Amino acid sequence: MAIITETTSNPSRLPAPTKPTDASNVVFSKLDSRLKQVKLLTDQGLYQRAFDAIPNNSSDMEVLNCRAVCLMRMGKFAQAIAPLRSVALNMSTFHLRSDIPVHMQINFAIALFFGGEPAGGLDALADIKREDDPQVQMLRARAKAWAASMNWLRRVDWYVNRVAPKLGPTPSSAVVGYLAWELNEASFSARD
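Per my numbering, residue 3 is the first one in the sequence shown, and the count goes up by one each step.
It should be emphasised that the hints constitute simulated quantities derived from the structure, not laboratory data. Heads up, some of the hints might be wrong.
Claimed, not checked - Once the Cα atoms are required to be at most 30 Å apart in a straight line, the calculated DSSO-like pairs of lysine-lysine come out as:
hint: 1; residue 1: Lys146; residue 2: Lys38
hint: 2; residue 1: Lys168; residue 2: Lys146
hint: 3; residue 1: Lys131; residue 2: Lys78
hint: 4; residue 1: Lys38; residue 2: Lys78
hint: 5; residue 1: Lys146; residue 2: Lys131
hint: 6; residue 1: Lys38; residue 2: Lys168
Computed from a predicted model, the values in this text were never measured in an experiment.
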């Protein structure tokens, strides 16, 4: 494997280093070789190269989640909706599937909210019962700040009719989304 010397344009957007846990080591050991390369690239903040290394023809949930998270971290939230929708959404009820890992549900809510469907993102977030999760807290705070920035007529229209203004919420500069190997066993369970 070649050593990568490329740097990101914004190193402050890299996720905070976490101490590997037994759970993350187990997940990493189960990854196929291409996803191990993706992990190495995402750890360096090289999301476009990581996205390009992800298998295109896989229907595996974690592979689709990797594609979506790489897109979100590149700021392409609208494009991240499609791979997560096929995994996270129960098409008969249009609610989140309860049998998928919570980190994928959270990723779907984030992609919807910042991808031009803020009402859908908040509806998905309402189905997730993880108020202690940092990504859930970030999303709720961004939603509150976004609503507060609207003029009073737009805010009433948003709260009453769920009609979002044309200029939707903007994501913060923090790293968003969860990849399976980033889960911290102490604060988050992959199959909650």
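Violated constraints from the hint list, given by number and in increasing order: 1, 6
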